[in-house]
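> Protein chains in written order, with the working numbering: chain A, 2 to 225; chain B, 470 to 577.
Everything labelled a hint here was simulated from the structure, so no lab data went into it. There could be a bad hint or two in this list.
Unchecked claim - Reference excerpt, derived from the structure (chain A facing chain B, CB under 8 Å, subset only): (1) Y29; (2) V73; (3) Y77; (4) P80; (5) N84; (6) V89; (7) P93; (8) L194; (9) P215; (10) R218.
Note that beta-carbon positions come from the ideal geometry of N, C-alpha and C, so glycine has one too.
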Amino acid sequence: MSPASSHILEADGIQLAFGERRILSDVYLRVQTGQVVGLLGRNGCGKSTLLQTVFGGRHLADASVRVNGQRVVPAYRQPGLLNYLPQVPLLPERLTLAEAARMLRVDAEQALADFPDLRAQLSRRVGELSGGTTRLVQVLLLLHANTRFSLFDEPFSGVMPVHVETLSDLFRQAKTRKGIVLTDHRYAEVLPLCDVVYLLHGGRLEQLPPDPEPALRDRGYLAG
Amino acid sequence: MTISTYLRALGLFYRTVAPFAVVFSLLIFAAAAAGPFPNWPLPLSLGLLLTKLSTFSVIWYLSEQLRPHQYWLYLNLHIAPWQLWAGVVVADTLLFSAVVLLLHALLQ
């Protein structure tokens, strides 16, 4: 993929209900190369389900995922199209960082270049690392993977504040070659990163104005 | 997905499923040796293979219940769950057959 090529990922028709409770109701999500899209909402509002459905790991009838207008369901089967970081640990504990990078076809040295302390731990097993370090490594590997899109479910969770700043810079660099969707409750870190912000509320996905903070404050998502 | 990636992923996945597979293989051996109809050492037969194959539905169920998030890495490698399970069924059944043949040759 050349750096200049631009791609558009769209997902719609996504509906999910547990009994009487409607989680997702005819959602439309769009992200393109060069964008970081923030997906905000309260716990249990369906953010993870939405990302998993877009990725193809969760099958929902009528869900449509398209890249440049072409249907791609399940999207994960298309090499080089997209990757997804779940909230739960991604890598088995017995895998070393170097092995994990090799499996994901990522240059580990390059991916961890901004974190010298991590580069020294390439031969260590995932299970030997702290939760925050494991999370950081997983984000870095998927961010550096050669995919057109990356979906991150709470990428900053457990990551040290000093690393969050560097990681945010890497997100900004990565968006020049891919489209990124992320969801996280750390709004102070997420909002400055985002080009587009969606709010998932009551099963509906609403695109917020370019300055989303007043709308989030009005609805009680940010402290006054 | 390349063959080497698939085999590496299959190896990783098989290690997570192997404890269940070993337990059910041992149960088959125990039933043959000490069950109501002893048949020891076990001959490799179609019935035995079907019995072994039938245990995979239980192994699959237990695996889904105990590790509901086990597939995310493999999906990121473009490998569908059915591709992993197909590899596990083939590899474990071959291993089981080899052990049965070996025991039969040694004990008879």
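> Checking against the hints above, which ones are violated?
Failing hints, ascending: 1, 2, 8, 9 and 10.
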